[in-house]
Amino acid sequence: MARANDEAAALIQELADLLSITGGDAFKIRAYEKAARAVAGHPEDIAGMDLAALKRIPTVGEAIAKKLLDYTETGTIRQVEALRAEIPASVRTLTGVPGLGPKKALQLYRELGIASVDELAAALDEGRLHGVKGFGPKSEENIRHGIEVLRQKGDRVLVGTAAELAERVVEALAPLAERIAHAGSLRRMRETIGDVDVLAASDDPRPLMEAFTALPFVTEVVAGGDKKTSVRTFRGPDIDLRVVPPDSWGAALQYFTGSQAHNVRTREIAVRAGLKLSEYGLFTASGERLASATEEEVYGRLGLPWIPPTLREDTGEIEAALKGALPDVVTVEDITGDLHSHTDLTDGRASLEEMVEAAAARGLTYYAITDHAPDLAMHRMTDAKMLAQRERVRELQKDYPGLVLLHGTELNIGPDGSVDWDADFLAGFDVCVASIHSHFAQDPADTTRRLITACENPHVNVIGHPTARQIGRRAQVQADWDEVFRAAARTGTAMEVNCFPDRLDLPADLIRRALRLGVKFAVDTDAHSVEDMRNIRFGVGTAQRGWLTPDDVITTWPLPRLRDFLAKKTT
DNA sequence: GCCGTTTTCGGCCCGACTGTTTTCAGTCG
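Numbering-wise, UniProt numbering puts 412 at position 412 of the first sequence, and it's gapless, one number per residue.
It should be emphasised that the hints constitute simulated quantities derived from the structure, not laboratory data.
Below are the EDC-like pairs computed for lysine to aspartate or glutamate, each with C-alpha atoms no more than 20 Å apart in a straight line:
| no. | residue 1 | residue 2 |
| --- | --- | --- |
| 1 | 34 | 70 |
| 2 | 228 | 178 |
| 3 | 276 | 297 |
| 4 | 385 | 347 |
| 5 | 227 | 238 |
Work out the full structure: start from the sequences and follow the hints.
Next comes the structure, spelled out in structure tokens:
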């Protein structure tokens with residue numbers, strides 16, 4: 001179920017958008033935007049909070065607290081309703097067209113009565129923009145194109161897709177740059193990516209820009225300068241290439257990694273110290289450069305430790321850094337095992353032998369094979385097939401002295417919380433993952449009970465991809481997550497962080513909520529092929545965004561500690 | 001509208017690029 005926080009944050013954000021269209025004070029607008037982010041990221045549910053509690057949320061003062069109270073009491077915010085009456089909410093959608101901001105959107109509405117993207121397209125066709133002040137022939141063409149981009153590209157791509165594209169750009173341009181790397185939301189490992197940002201260091205940007213625009217998948221150059229070039233790609237995201245002098249590398253990487261909200265905070269810290277921070281470095285008032293070569297140096301001169309990119313969202317990392325309380329987040333190198341994988345016995349594409357060989361090559365110390373159980377009838381699993389696989393796993397173990405093979409299964413959680421086999425058969429597995437694969441639209445109270453029942457099963461060790469979402473295709477199942485997490489913590493059941501780019505499940509915001517309730521996590525690839533094992537970086541990135549340390553993640557633990565965790569369920 | 005190791009008022013991040021504006025506003029990140 002959508003938390004009150006998310007709906008309230010959306011309303012505050014809408015208030016900011018509508019005020020920016022009607023020409024409200026820019027600083028007031030920014031205050032609303034900051035508060036919207038803070039409310040969305042606040043771990044406690046705002047439903048039921050009183051004014052004093054609401055004001056304790058950072059960036060929420062008296063005025064916004066009252067608006068939040070208005071929301072929790074009436075389901076809406078009066079000022080938003082009033083502004084909607086003045087400006088149709090659909091005018092907001094005009095600012096979604098690249099190149100159209102609040103000022104021009106308002107102008108189009110006031111002068112031509114345009115209140116939606118469709119109306120804008122029609123006005124263009126009828127030539128009604130001719131002669132409107134500020135809209136020359138070039139603007140018309142850009143808006144026309146912007147509408148097309150908005151309509152066909154949809155919006156964001158999965159992090160895996162963006163990572164592949166970024167790798168191709170970096171590889172192609174590396175010979176022409178002193179340094180080159182991806183930055184932006186991809187470096188922060190957001191689950192979906194709008195634009196791919198690539199940063200290069202060179203004293204001679206021209207050859208880089210020329211090679212960049214000549215890449216085979218580039219279809220159009222949107223903006224081309226000496227320092228920045230933006231391109232559109234064939235059925236992919238836009239790519240920005242920024243080129244900076246080599247001695248600005250650290251400051252530039254810090255800046256272009258973002259997030260924008262994080263950067264605002266770091267620049268505010270600089271201003272308070274009488275300094276100026278830009279992508280070229282940290283400078284004194286007289287222009288003397290204090291730091292710029294590395295990110296560590298830049299953060300250091302601001303009095304901060306280096307902050308992992310995955311935390312840079314202004315959701316508490318600045319405060320934690322100032323207090324010396326940043327989490328020592330889990331890394332790919334910390335991962336010692338994998339508790340969820342498939343073979344061609346069910347829907348995997350590689351044999352048991354190939355998967356085990358790949359797990360050994362990853363340098364894991366333990367690896368669980370967890371093929372699907374009989375309730376997913378399409379995979380035609382039987383008791384006999386599962387026991388035969390177990391025999392084969394035990395035989396294979398002899399060939400892998402450095403890798404402990406675990407035999408497990410991925411159970412199906414039925415609508416009532418039951419799983420495929422009875423306790424006797426389940427007791428034969430080393431580890432059991434249990435996941436939801438159907439009945440996604442159940443009543444939230446039923447889904448909550450369903451997941452709690454699965455946690456209470458003494459043989460279920462891990463809840464696989466707990467929300468069952470598929471990014472861009474299937475919404476999360478609705479449940480009272482805090483209740484589910486309490487049950488997981490109480491019963492010693494780990495929540496999975498599934499590494500598939502279209503799952504990333506649990507999502508980072510739910511990870512943070514679960515963490516506060518004492519839950520442990522299993523970062524698992526759910527690999528169906530050898531290649532899928534590379535997805536571990538996306539799951540670890542998601543775990544980092546959830547502020548997880550190695551201690552929170554059972555798949556970083558040495559085998560004896562893991563075995564204790566698994567054993568505690570049944571005793 | 002928020003906030004305070006320059007405090008309760010006066011600030012609030014910084015730069016690149018575009019188009020049409022003859023000196024810069026709007027947009028974007």
